Amino acid sequence: MIDSLYVAWRYLTYNWGRSLTLVACVTLIAVLPLALELLLGESQRQLLDRAETTPLVVGAKGSSLDLAMNSLYFGDTVPEPIPMATVARVADTGLAEPIPLYVRFKARGFPIVGTNLDYFEFRGLKIAQGRTLSMLGECVLGAGVAQALGLEPGDSLFSSPETLFDLAGVFPLKMHVAGVLAPTHGADDLAVFVDLATAWVIQGLMHGHEDVTRVTDPTLVMGRSDGNVTATAKLMQYNEITPENIGSFHDHGDPAEYPITAVIALPRDTKSGAILRGRYVGADPDTKGDAQTQQILVPGQVIEGLLANIFRIKNVLDAVILVVGTATVLALILVFALSLRLRQREIRTIFKLGCSRSTVARLLGAEIGIILAAAATLTGLLLAVVAHFDEPLVRALFIR
Amino acid sequence: MSKTTCASRFVPLLLLILGAFQWALAGEKLNIYTVNYPLAYFAERIGGDLATVSFPAPPDVDPAFWMPDAETIAAYQGADLVLLNGADYAKWTAKVSLPRSRLVDTSRGFKDQYIQQPSMTTHSHGPSGQHSHGGTAFTTWLDLDQAAQQAEAIAQAMTRKRPDAKAQIERNLAALKGDLLGLDARISEITHRAPGRPLLASHPVYQYLARRYGLNLTSVMWEPDEVPSESQWTELEGMLKDHPARWMIWEGQPAAKTIERLRALGVETAVFDPCANRPSTGDFLSVMNANAESLDRAFGQEFGGTQGARVVRAPTRSSSGASEP
Chain A
478 MIDSLYVAWR YLTYNWGRSL TLVACVTLIA VLPLALELLL GESQRQLLDR AETTPLVVGA
538 KGSSLDLAMN SLYFGDTVPE PIPMATVARV ADTGLAEPIP LYVRFKARGF PIVGTNLDYF
598 EFRGLKIAQG RTLSMLGECV LGAGVAQALG LEPGDSLFSS PETLFDLAGV FPLKMHVAGV
658 LAPTHGADDL AVFVDLATAW VIQGLMHGHE DVTRVTDPTL VMGRSDGNVT ATAKLMQYNE
718 ITPENIGSFH DHGDPAEYPI TAVIALPRDT KSGAILRGRY VGADPDTKGD AQTQQILVPG
778 QVIEGLLANI FRIKNVLDAV ILVVGTATVL ALILVFALSL RLRQREIRTI FKLGCSRSTV
838 ARLLGAEIGI ILAAAATLTG LLLAVVAHFD EPLVRALFIR
Chain B
3 MSKTTCASRF VPLLLLILGA FQWALAGEKL NIYTVNYPLA YFAERIGGDL ATVSFPAPPD
63 VDPAFWMPDA ETIAAYQGAD LVLLNGADYA KWTAKVSLPR SRLVDTSRGF KDQYIQQPSM
123 TTHSHGPSGQ HSHGGTAFTT WLDLDQAAQQ AEAIAQAMTR KRPDAKAQIE RNLAALKGDL
183 LGLDARISEI THRAPGRPLL ASHPVYQYLA RRYGLNLTSV MWEPDEVPSE SQWTELEGML
243 KDHPARWMIW EGQPAAKTIE RLRALGVETA VFDPCANRPS TGDFLSVMNA NAESLDRAFG
303 QEFGGTQGAR VVRAPTRSSS GASEP
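Residue numbers (the working numbering), protein chains in the order written: chain A, 478 to 877; chain B, 3 to 327.
Hint data in this document are derived by calculation from the structure and do not stem from the laboratory. Owing to the predicted nature of the structure, the values given are computational and were not obtained by experimental measurement. Some hints could be false.
What the hints assert, rightly or not - Derived lysine-lysine pairs resembling DSSO-like cross-links, with alpha carbons at most 27 Å apart:
(1) B:K163 <-> A:K603
(2) A:K583 <-> A:K603
(3) B:K113 <-> B:K163
(4) A:K748 <-> B:K168
(5) B:K31 <-> A:K603
(6) A:K651 <-> B:K93
(7) B:K163 <-> A:K748
In isolation and in its complexed conformation, chain A is listed as follows (with noise of 0.2 Å):
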């Protein structure tokens, strides 16, 4: 059997291309149905896991797959703003807890993600190193955020402007890397935490300044009339939040208008969340308003019919799979009639050698085996990879 298989070894290794073109082949056959059968479990555990954990969500009318996203996954569609004042209309109905998302900025390519105390309570997300937010301009990073730009408690990290050509815009906010959380395998492990009122002084509507109202250099104020001072464009606003200049920032609105992108809403029981949600069909004059503009969606269902559409795609492509792999087998069969044919005089010198039948047999089995085991081993080795990296490779196909 030994000198079968180094007979065929000799053979595919002298014929090393047509020998590495039926591995490949073999190899593709067997990957492909494989590798997305792990991806879609992979994408189903990351989809369904935070979706069925997250029981209602508030946001602007529109596309719920891509408010679901946002407010899950903080995926890169920004949904329509909501006002804040709906986290308060939602909480005196005392049907629900309700925690507001603003998933809107990134910073180095990370979302920036918006929140209170009570989204750490209510995800599980436990402090690794550092400590919890607690000032304005703090950031608590996503453990992979944290690996990924090498940052830990202490650092800072900026802000990414919204667009490269807004020159007079807002300014990038420098925050201070509060704590890293530790790994949950999900989403959080993505994204920059930061306080809602934080997300605000980066869009702009909180900020900071020099009191215009005790400024020395008078390039600084264009005019002072009675009871008001007109700065000039010079005057800076703060990009950094510290100690000594928190206490100048403040706001010029009604901070119930400020914009979130969503709420989550945890109702008190399965009867509360039933009611919260008929609210939200404009049965209820209370909320007419609200019921207007806005949408309560249950993730589970989003996630469910996507993922239906998905295994529908699968559905598909295994079809699609099924037939080239045929045509595969079938051209791999007749590659091997092909060869045997063309090897007869090879064959008939082995039998004049003094071979059996079987032998010959043995030995264009060994080269069979040697290549099924060859695509074997590569597609044990191929998956292995595929399901090493699984995650982000299931947030860069599937959940964007």
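Could you slot chain B onto chain A? The hints should help.
Just chain B now, kept in the frame of chain A:
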């Protein structure tokens, strides 16, 4: 084993179990943090032995403008309930991260009745245009009816956390409301003796007091521990022509020189302590009773008189009754 022996063995065991149960219950005390002393006092009265109430501001600061350090903020974050005054009081709460689910805005029920202060100096920069930092008057508890409503909000929040102690909380609330509304009636009775009598206030912190009890009050911006400048005296003299007040109420005991010079102008002084921070002696109710006595003297005297006793009490922190950034 006889019945007596059996009982003698089990009774101590039962007592031990009951004691442990009681100890376990006592261990579940609500951890409550507040942003000013009146709320701490209300919470202490309503919670009784159910709650541990903390108000960590140092005694020499005005809690409205205090900024806690990181350690104190962490203590607030760990509380079961954080009682806020609302009306933009303690602006620091908007600049730190606190769990919204544990915040109780005690004045939210009468939010539509907040008093907006006339704007101070306005300024403009950038696209937001001209604006001012004048704000909302925040000494809401000086209207004792509003104080009772704030106490109700605290009781509701405590009941949500400890529904098993509802009866005790309601009992304590009723007693507190009785005291507050009794004092409210007393001040009303005092101030209605001479409706519209002109009064001066050393600082604009009495907006709710003035509204509730119909005071004809005009405020200056004087500090009790500072002797006013000549320009401030001139301003006061001008003010007295249109507003012939014979009493000025102060947050704390003013300097002797100030008292003397005011008296020369025919203005007597009385202390009405807003009691935003913990008093060195007594409690919220005793301070408010002393305040009522001050008003009693001011309103007990015939209009135009120059005599009158001064109420001397421990000086308190100075503050402006409107929120400013």
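Hint check:
no.	hint	in the structure
1	B:K163 <-> A:K603	24 Å, holds
2	A:K583 <-> A:K603	22 Å, holds
3	B:K113 <-> B:K163	24 Å, holds
4	A:K748 <-> B:K168	24 Å, holds
5	B:K31 <-> A:K603	25 Å, holds
6	A:K651 <-> B:K93	22 Å, holds
7	B:K163 <-> A:K748	21 Å, holds
Checked against the numbered hints listed earlier, the structure breaks none of them; every hint is satisfied.
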